[in-house]
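Colleague: For this one, chain A is given, so just place chain B on it according to the hints.
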Amino acid sequence: MSRKNKKMLSSFLRYFVLIAVGTVMVYPLLWMIGATFKPNNEIFSGIGLIAKNPTLDGYKGAMIRYGGEIDIWKSMLNTYKIVIPKVIFTVFSATIAAYGFARFKVKGRNLLFACMMATLFLPQVVLNVPQFLMFTKFGWVDTPWYLSFIVPSLFATDTYFVFMLVQFLRNIPKELEEAAKIDGCNAVKTLWYVIVPMLKPSLASCALFQFMWSSNDFMGPLLYVNTSKRYPAAIFVKMSMDGDSGFSWNKVLASSLISIIPSLILFFLAQDQFVDGIAAGGVKG
Amino acid sequence: MAKGAKSGSVQAPVKKRSLKKALNDNSGFFFVLPWLIGFFVFKLYPFGSSLNYSFTDYGLHSKTTEYGIMNYLNIFTDTKILKSLGVTFRYAFLTVPLKMVFALFIAYILNFKIKGVNIFRTAYYIPSILGGSVAIAVLWKAIFNDSGLMNTILGIFNISPISWLTDANYALFIICLLRVWQFGSAMVIFLAALKGVPENLYEAASIDGAGKVRQFFCITLPMIAPVVFYNLVTQLVQAFQEFNAPYVITQGGPRNSTTLISLLIYNNAFKMIRLDLQAHRLGCYLSLS
Chain A
109 MSRKNKKMLS
119 SFLRYFVLIA
129 VGTVMVYPLL
139 WMIGATFKPN
149 NEIFSGIGLI
159 AKNPTLDGYK
169 GAMIRYGGEI
179 DIWKSMLNTY
189 KIVIPKVIFT
199 VFSATIAAYG
209 FARFKVKGRN
219 LLFACMMATL
229 FLPQVVLNVP
239 QFLMFTKFGW
249 VDTPWYLSFI
259 VPSLFATDTY
269 FVFMLVQFLR
279 NIPKELEEAA
289 KIDGCNAVKT
299 LWYVIVPMLK
309 PSLASCALFQ
319 FMWSSNDFMG
329 PLLYVNTSKR
339 YPAAIFVKMS
349 MDGDSGFSWN
359 KVLASSLISI
369 IPSLILFFLA
379 QDQFVDGIAA
389 GGVKG
Chain B
3 MAKGAKSGSV
13 QAPVKKRSLK
23 KALNDNSGFF
33 FVLPWLIGFF
43 VFKLYPFGSS
53 LNYSFTDYGL
63 HSKTTEYGIM
73 NYLNIFTDTK
83 ILKSLGVTFR
93 YAFLTVPLKM
103 VFALFIAYIL
113 NFKIKGVNIF
123 RTAYYIPSIL
133 GGSVAIAVLW
143 KAIFNDSGLM
153 NTILGIFNIS
163 PISWLTDANY
173 ALFIICLLRV
183 WQFGSAMVIF
193 LAALKGVPEN
203 LYEAASIDGA
213 GKVRQFFCIT
223 LPMIAPVVFY
233 NLVTQLVQAF
243 QEFNAPYVIT
253 QGGPRNSTTL
263 ISLLIYNNAF
273 KMIRLDLQAH
283 RLGCYLSLS
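Each protein sequence line maps, in turn, to chains A and B.
Numbering-wise (the working numbering), the first sequence opens with residue 109 and increments by one.
Numbering-wise (the working numbering), the second sequence opens with residue 3 and increments by one.
Hints were generated in silico from the structure; no laboratory data involved.
There could be a bad hint or two in this list.
Straight-line distance between alpha carbons at most 30 angstroms, and here's what the computed DSBU-like set of lysine-lysine pairs gives [unchecked claim]:
1. B/214 with A/114
2. A/114 with B/197
3. A/182 with A/337
4. A/114 with B/117
5. A/115 with B/115
6. A/112 with B/197
7. B/115 with A/114
8. A/282 with B/197
9. B/197 with A/308
10. A/112 with B/115
11. A/115 with B/214
12. A/112 with B/117
13. B/214 with A/112
Chain B is faced by these chain A residues, among others (derived, beta-carbon under 8 angstroms) [unchecked claim]:
14. 209
15. 223
16. 227
17. 242
18. 284
Given the structure is predicted, the values throughout are model-derived calculations rather than measurements.
Ideal Cβ positions, reconstructed from N, Cα and C, are used throughout, including at glycine.
Chain A on its own, in the form it takes in the complex (with noise of 0.2 angstroms):
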């Protein structure tokens, strides 16, 4: 074989893996998508991506109430009313932790440092039982705004954002911040007009990784949500499977579909946002 016609062969190749496993990866949700505007009898007698006949059904049924008090918007709404201060409370106290800790010689900050890579691996089921416990306590379960959500996050709990802004901080030059001082700036005000706008595009993909992952989460609702018209959207989308998979697949789906858009929309706006954050927690490393 000529040296030509063997690296035509490899990047043949290269390309059949690459379409092929991506068709692997995408298919699943463009199935999802065909499936609900196909009538129920049609959604698994093929493998069509197109519905043959074409239906809103799916939809319509996605937007019936439940119990009469929650439906895919309101349990929608819900969800970022969860996630929207969530988001911003975290870019604000982890980008002030991160600072403290990548610019300042605090006393015994090896081992604080220590104990925040320590609950990176900390899981959260060690923990539910007892922060169940405080939060009742607190009397933050079950609260109209969330309570037990959006005050941990005031305070960086979510440690995997300080230690991601730690390591772009590393990256930002320090003598910016000594010539900021020469020119009288104290800590606050070089966090804000020097260390802030350096860190926007860490602190989007902060906002960003936020949103996704609150937007998933399950197991919170599932302990600090119990009154079904402060479901979120995840609740919501289990509910409607439990109440109508067998049966009617395609509104289940639909509502599935639903309370997923906002996260896809966000996904293809900042694509390169969400790639630059998650490459540099690991690179960096």
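Modeller: This is chain B only, laid out in the frame that chain A set:
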């Protein structure tokens, strides 16, 4: 990771002591303070009290009457816990290596000059962004239930349907598959690492007559070793904490074949209102650290 602990600005020597100066010198502490409070209240205290409960027979509706290591001893006799631990380890040791190998393999291919690399990257990455959500777990159930999409596909090839989710032989595998499907985030990290390997190393190696396979094992892998390690650790941690998929798709069944440890703890603690199984959370935790 430890490097971060060492880098830090050197404070200017203190010449005049004033309150303001003292405040300024310790200002780092005030930045760390909110995190520290959060750490004590929301992490350390719950952890300590979990540890404490693990030595008692405390329950949500009953007071402590007994102290001792009986919970830890129970781990070795309670078949449910043992089975669940086994399932968790099988889950982790099936998904993590598969995911890593897949991620590295695809990243390796994408690292050649591929046209439309961004399109492929997006296609591979979407599942790992959405995969943790309940919506995708529901989709998985739609695909693998008895009359689901997978059996429809098998039907085309005249293969009789398989009860993926109700047969104890397959259910865990399907839950694993959902996680392997989300290899995108690990892949993105690998891809960034592969781009960082200097080109001239490969050139030198090929002059010395090393083939592609040799180059991969002798240059690529050692160069990206820290990233492999990072991925391995984060993936392991995540695998041991998996909860959504088994809860939504199989409820731990059939015959507890998908009851991961987190699901067992949830069921025990919040459904049966029994806390004396706290011990094996620690077993789970210790196995991690």
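Colleague: Are the hints correct? Go through all of them and say.
Modeller: Hints and how they fare:
{"no.": "1", "hint": "B/214 with A/114", "verdict": "14 angstroms, holds"}
{"no.": "2", "hint": "A/114 with B/197", "verdict": "24 angstroms, holds"}
{"no.": "3", "hint": "A/182 with A/337", "verdict": "8 angstroms, holds"}
{"no.": "4", "hint": "A/114 with B/117", "verdict": "19 angstroms, holds"}
{"no.": "5", "hint": "A/115 with B/115", "verdict": "13 angstroms, holds"}
{"no.": "6", "hint": "A/112 with B/197", "verdict": "25 angstroms, holds"}
{"no.": "7", "hint": "B/115 with A/114", "verdict": "16 angstroms, holds"}
{"no.": "8", "hint": "A/282 with B/197", "verdict": "27 angstroms, holds"}
{"no.": "9", "hint": "B/197 with A/308", "verdict": "24 angstroms, holds"}
{"no.": "10", "hint": "A/112 with B/115", "verdict": "16 angstroms, holds"}
{"no.": "11", "hint": "A/115 with B/214", "verdict": "13 angstroms, holds"}
{"no.": "12", "hint": "A/112 with B/117", "verdict": "19 angstroms, holds"}
{"no.": "13", "hint": "B/214 with A/112", "verdict": "17 angstroms, holds"}
{"no.": "14", "hint": "209", "verdict": "6 angstroms, holds"}
{"no.": "15", "hint": "223", "verdict": "6 angstroms, holds"}
{"no.": "16", "hint": "227", "verdict": "5 angstroms, holds"}
{"no.": "17", "hint": "242", "verdict": "7 angstroms, holds"}
{"no.": "18", "hint": "284", "verdict": "11 angstroms, violated"}
Hint 18 from the earlier list is the only one contradicted by this structure; the remaining hints agree with it.
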